[in-house]
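Trainee: Protein chains in written order, with my numbering: chain A, -6 to 441; chain B, 262 to 564.
It is worth saying that the hints were derived from the structure and are not from the lab. A hint or two may mislead.
With a straight-line Cα cutoff of 25 Å, these simulated PhoX-like cross-link-like pairs (lysine-lysine) come out [claimed, not checked]:
1) A:Lys119 / B:Lys413
2) A:Lys84 / B:Lys308
3) B:Lys323 / B:Lys308
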Amino acid sequence: MKNVFGYILLVSVILSSCRKDDAPAFEKSADERLNEVLTNYQNQLTSAENGWKAVIYPAGGGAFSFYFKFNASNRVNMVSDFDSASAVTLKESSYRLKALQQPSLVFDTYSYVHVLADPNENVGVKADVNGGPVGVGLKSDFEFYFDSSSTDTINLIGRMNGSKAVLVKATPQEAQVFTSGAFNINQFRSAYGRILEYFKRLSIGGQTYELNINNTTRRITFNWLDASNNLQSFSSLFYFNTTGIGFVTPFNTGTTVISELRNVNWVSASNSLTVTIGTVTGTIAGAKAPLKIDISAPQRWRQYAIDNGNDYWYSPWGWHSNGVDDVLNLRTSIPGYNYVIYGPRGYGGWTGGDLCGVIHSAGNGARAASYAAPPAIANGIIKFTWLQSNIGFGSALPAAANNLIYGTTNSIRAYLTDPDGFYLVQTGPSSYDMVETAEAKTWISWLF
Amino acid sequence: MKLIYFLLVVCTISLSTSCKKETLNSADAENIPGLGGDVWVKGPLDKWIYDNLTIPYNIDVKYKWDQFELELNKTLVPPKEEKVIPVMDAIRKVWIETYIAEAGIPFFKQYTPKFFSLVGSASYNTDGSATLGTAEGGRKVVLYQLNYFRTKGMPGYVRSDSFLIKQMFQTIQHEFGHILHQNTLYPPEFKRIGQKLYTSDWINTNDAEANSNGFVTAYSMSGPDEDFVEMIAIMLVEGKAGFDRIVNKIPAGTSALGTTDVEAKKSLRDKEAMVVNYFKQVWSIDFYSLQARSRSAIEALIY
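Whole structure, please, built from the sequences with the hints as guidance.
Mentor: Here is the structure:
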């Protein structure tokens, strides 16, 4: 008897469970809706009559600005701030909208977008396209899905690496700059490079910030002193735009928000730059000393090499002075030049003092001079005293090359034994810049 | 019994009522995005491919990015547009036209791979090596690193660019060789020439070592099929003189695997003879004539 109730229940469930309502949840089929979305995106891209300015943020780091002008024939014209040539050379390639897992925009033949994603080459062909590791590149993307969009802005996300891209409708003025070859990223760089001092200060609205712009990593850093004289810091990635540089993360100073530096101009009368921020004009000028001297930096710098296997600091570029990179021409004058090194006492088994010299691949050699160890450090300034030349390992170098290392003038030795000594500025977990103190126009960047 | 009967009734009722009877409308199928392949507005490049490769030889070329033709986990980029015609024109001159001159259009249309996929960069493997060409099922050939493809006369051409050119044709000839022997197998004697030396450990040998054991490349040590098509590929790409050079430069003495230089040279010459004979018997192709045409077409690109 119990079973009968079970059957009744079962039957009623079966008979009542299917509601025969054929009305679909959507008015159109999934395919129709997908086609519609793709068409809408395509129309949105092509209908921007002045094109789109864009910033791509590769998953591997950095930020690069682009200008895109899409047409209805699956062609796109673009420039990019990747380098000074790609900024002024309008290049045409192909794109298409495609239904992948999401509606996607695919740049489907090689373009400036692909330069960032290029894996570089070292088999058969040697090619370093973007400075990223071989087989990986900058982990950028050229297949993007539409994350969100409004009339004027489209947010894209890379399908392979998850890079981000933001497209914003360009104004007629911007389109004019981008398409006429007037997008000159060197203008900012060269104006900025006219300040010869290592330390640069931005004065705006009664405040002073120490500025550091790294063109390789595309990072801008602001340092300032707070009320209790402590150093504060803010940094952001930046990209080039039509009037200067734009920040990925705007800098909120407390009184104003700085999102870009515009119209940077050299004023020779005052040896400084004028720059526009919002509606305010500021100045950037060189300084002979940091805002706040990092007192313990010289000791930390030397100790780091001792603590990490008694190894050496190295500098591929050598000395920079008065606006000239590699002022001693080490890269061209020393056969097989690899880099300048500084090794604290004990490096390479040499116990006579600290070593400074050159590692070269001509017979796997090293030539160095020896310096008093430990060097004199006082008030955050380090000074080096020369002891002995021609500390050599491996094969010898020609006399002219040796002179560049430990001659008494115009040599690594001469620069290192500058009587005014050096500040050390930590630029990363294992990188320091060593800056001469009297003029701050001479420095060397140490890597580990 | 009652229970079964009852269940049958229930099943019948539910089956007869629960299915929605809907007729399929064939017009709906046309709305499926991507069905029948991607579409884009055809440009001059598409027209060149259609006119010069698709119409005469039934070959299609995909130069636009499509990740699904490639390995999904590799960092690759599509080719530069300006490289597509030079690459495909070189393929036409070196591979298509030479085979047609020897064997005729019907042969070529019947047996060739029908689909080329072009990639701008090499495909890097986790061990640091790179793949420069692959093929699948006798239908598709993928060519890599084409953004660096340069032939004589193109700006920036240096002699080392010939590496990439030869590599590309080696891939194509290799894959076409597979198609040929998969249609009609080479004589079984070929397998016996170096039978004991085929090894899965070929990856740890180099070409010079392979030569000293009677193999034309390291890869040909992986098995008789690969050996056979590597012979075809190297002989067609390097030419008669180039192949002779490979044989003659085998140093005197015994290899690490116990092959003497005399044995190694004899192995290579025996294999050469079998390849030539196979082309004559099976396909009525004069291999040496094909080889001369193929090599001179390559030389025209690099010297």
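Trainee: Below or equal to 25 Å on CA atoms is what counts here, so check Lys323 (chain B) against Lys308 (chain B).
Mentor: holds, 13 Å
Trainee: So if I understand the rule, the pair passes when the alpha-carbon distance is 25 Å or less; does Lys119 (chain A) with Lys413 (chain B) pass?
Mentor: holds, 19 Å
Trainee: Between the alpha carbons of Lys84 (chain A) and Lys308 (chain B), is the straight-line distance 25 Å or under?
Mentor: The given pair, whose Cα atoms are some 21 Å apart, holds under the 25 Å limit.
Every hint, counting from the list given before, is met by this structure.
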